[in-house]
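Participant: Residue-level listing of the chains:
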Amino acid sequence: MSLEIKNLSVSIGEKPILKDFCLTVPKGQVHAIMGPNGTGKSTLAKALAGHPDYTVNAGEALLDGQNLIGMEADAIARAGLFMAFQYPMEVPGVSIANFIRAALVARLKEGENFSATGYYKDLYAKMDELKMPREFTSRAINVGFSGGEKKRCEILQMAMLKPSYAILDETDSGLDIDALRIVAEGVEHMRGPEIGMVVITHYQRLLNYIKPDVVHVMYGGRIVKSGGPELALDLEERGYGWVEKEFEKVV
Amino acid sequence: MSDFPAVNSASVVAEAAFAEHMASWPRMPAWLAEAKREARKRFAELTMPTRKQEAWRFATVSNLSCDGFTLARGEASLAASVEPVVTCGGCLDFADDFHAGGKPLDPELAEKGVIFLPLDAALRAYPEFVRKYLFGHMPNLGSEKFEALHMAMFRSGVFLYVPKNVEVTLPLAALHEAVRPNAGLFPHTLVVADENSSVTLVEVFRSRDANLAHFACAASDLVALPGARISRRLIQSWSDSSLAFHLGSSTADRDSSIDSISLHLGGGHVRAEEHGRIVGRGGNVQMHSLAVATGSREIDQRTLQTHLACDGKSDLLYKNVLTDKARTIFAGLIRVDELAQRTDAYQTNRNLLLSPDAEASSLPGLEILANDVKCSHGMTTGQLDADQMFYLLSRGIPRKEAEKLMVFGFFEEVLSRMGNEELSAYAGGLLEKRMGAAG
Chain A
1 MSLEIKNLSV SIGEKPILKD FCLTVPKGQV HAIMGPNGTG KSTLAKALAG HPDYTVNAGE
61 ALLDGQNLIG MEADAIARAG LFMAFQYPME VPGVSIANFI RAALVARLKE GENFSATGYY
121 KDLYAKMDEL KMPREFTSRA INVGFSGGEK KRCEILQMAM LKPSYAILDE TDSGLDIDAL
181 RIVAEGVEHM RGPEIGMVVI THYQRLLNYI KPDVVHVMYG GRIVKSGGPE LALDLEERGY
241 GWVEKEFEKV V
Chain B
252 MSDFPAVNSA SVVAEAAFAE HMASWPRMPA WLAEAKREAR KRFAELTMPT RKQEAWRFAT
312 VSNLSCDGFT LARGEASLAA SVEPVVTCGG CLDFADDFHA GGKPLDPELA EKGVIFLPLD
372 AALRAYPEFV RKYLFGHMPN LGSEKFEALH MAMFRSGVFL YVPKNVEVTL PLAALHEAVR
432 PNAGLFPHTL VVADENSSVT LVEVFRSRDA NLAHFACAAS DLVALPGARI SRRLIQSWSD
492 SSLAFHLGSS TADRDSSIDS ISLHLGGGHV RAEEHGRIVG RGGNVQMHSL AVATGSREID
552 QRTLQTHLAC DGKSDLLYKN VLTDKARTIF AGLIRVDELA QRTDAYQTNR NLLLSPDAEA
612 SSLPGLEILA NDVKCSHGMT TGQLDADQMF YLLSRGIPRK EAEKLMVFGF FEEVLSRMGN
672 EELSAYAGGL LEKRMGAAG
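Each protein sequence line maps, in turn, to chains A and B.
In case it helps, the working numbering puts the first sequence at residues 1 to 251.
In case it helps, the working numbering puts the second sequence at residues 252 to 690.
One or more hints might be untrue.
In silico lysine-lysine, DSS-like type, Cα no more than 27 Å apart, as pairs [unchecked claim]: (1) K6(A) - K131(A); (2) K131(A) - K121(A); (3) K651(B) - K162(A); (4) K109(A) - K684(B); (5) K655(B) - K121(A); (6) K292(B) - K303(B); (7) K655(B) - K162(A); (8) K211(A) - K131(A); (9) K6(A) - K162(A); (10) K109(A) - K651(B); (11) K651(B) - K684(B); (12) K625(B) - K564(B); (13) K245(A) - K27(A); (14) K625(B) - K109(A).
Hints were generated in silico from the structure; no laboratory data involved.
Turn these sequences into a full structure, and let the hints steer you where they fit.
Facilitator: What follows is the structure, encoded as structure tokens:
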């Protein structure tokens, strides 16, 4: 069981971003993808989620064997892939409670009924873990949320929807240290044999709280180096300059 | 088809219909008869609107013919026993402008001096008192000819008076139903809230049978005396082949407030005029509207916020959702008199287009003569936001469902101001039905 990305090439308009990208994340593992800005990290996330602005020119993304490429965004999500966005959208007038409920209802199997009491019990328990006050449920999605609240809300959705794979795109950006810790704890809490996670980050500091099994370095639209957690520390110490020097020719 | 046969009679605009109306009202006070005859004369003199007139810009004036509609002749047999849409302290039910039932006013309120009667009954019981306020204000935003017709032809409606310092906690309700085929209705609503009183009036306007055509020329006059608070909720779902005028006026005296929310869900052609006037220092008028234009419906909205006194506040929010080949027109003006210093006035019109064939026009305006004011207007017309849509899809919510969530999100800004959960739920249900029927 794994999320297997094979030779994925993605462009925005005419501009190629991902080139022959390969990555395999076995279920139960946490992988980190690090790399300089503009190297295609967020493109990877958006393309896998089925964003219409990204064109997949070649390759496959197999979620436990099911190819996600060409599927609609909502079908990809129901197949088990979750995307925590770097900049979660504000959706005025749609409450968090109704939003998550609609997402869960969409996942009901035929003949299954939605239990409102079970839903709220589950929702409140997870909100408590993330230190989110109850009134959050009636607020409109991300409207007027602080950076930290937005990211916590992403983690809450992930916890409620129980995906088999999750991609966290720059979840640490815009967070102060307290919020970072709460979000990281939420992620660590979900970690287990039932889920594979990809944590995309520019900085090493998130990895002080989320311990990855594997660290990948991305450059020029592909992974150029993989290693253990020590690779992240190495990057932190040496910066991205050496990556650029070392792999410019290769890319 | 309706269980009630059509009444063979002259068109509502014919002199014969007026004569019939006058003859059918025994012992009409002489002053009212005189006023009605004058109004009838005015109606005959005024010309039909044309698109060349600023007040009718973009409107399909050819829809305004009322020739096929006949004078509603309500009677007891038309009564339908329906529960009021909200838990209320009293309800007046009208069928074809005839008071056909409802729920009597809570005796405690009656004891405090609250008057809540069909307008014709109020005219019999308190003729001089009603006279003082009747037709005090009309919106005068282009439909003067139809205002005159309304005045000439009205025969009932709601009269609500709340005495000084009386707070009516439960809403009062009214149901105006059009029943007979081609019935022409002229419901009038007059609310007077005396000093420091407060009241909420919920009015439902609808066609009993959605397959019949009706004509409604409704007018309302809300008067808040110093320190009073009036909330009015209007829920309109005339049949798709109906022609309707909703001519509303709100007049706020010193430190009083009027908060009106109108939901327009039906009608083939709807002309909605709303004029809020701040006539006393610190008066506050809130004008909110939500319209769902589906099919080939046209909803034509004209508003005016007039500030005649200082420290007043007015806030207008009109939101329209359009599907299919529907059209909406919003033309709004804020007018601030030179005496009305420190006015806060806002006007917002938002149109959500769910179909490429739908068309929304927006004509906002300001006319400010005072120099120390905060005024702004804003308008947006657009489709569902693609990034918001992607966000909902990315959580596994199917596109149709995501659309529905976003459209209801658009409604929410107005629905959340209803101030009554039962009413919000009722309105939400009607909206869902209406959106479900849209293409």
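Participant: All hints, please: hold or fail.
Facilitator: Status of the hints after comparison with the structure:
{"no.": "1", "hint": "K6(A) - K131(A)", "result": "violated, 39 Å"}
{"no.": "2", "hint": "K131(A) - K121(A)", "result": "holds, 15 Å"}
{"no.": "3", "hint": "K651(B) - K162(A)", "result": "holds, 23 Å"}
{"no.": "4", "hint": "K109(A) - K684(B)", "result": "holds, 26 Å"}
{"no.": "5", "hint": "K655(B) - K121(A)", "result": "holds, 26 Å"}
{"no.": "6", "hint": "K292(B) - K303(B)", "result": "holds, 24 Å"}
{"no.": "7", "hint": "K655(B) - K162(A)", "result": "holds, 24 Å"}
{"no.": "8", "hint": "K211(A) - K131(A)", "result": "holds, 22 Å"}
{"no.": "9", "hint": "K6(A) - K162(A)", "result": "holds, 25 Å"}
{"no.": "10", "hint": "K109(A) - K651(B)", "result": "holds, 18 Å"}
{"no.": "11", "hint": "K651(B) - K684(B)", "result": "holds, 15 Å"}
{"no.": "12", "hint": "K625(B) - K564(B)", "result": "holds, 9 Å"}
{"no.": "13", "hint": "K245(A) - K27(A)", "result": "violated, 33 Å"}
{"no.": "14", "hint": "K625(B) - K109(A)", "result": "violated, 54 Å"}
Hints 1, 13 and 14 from the list above are not met by this structure, while the remaining hints are.
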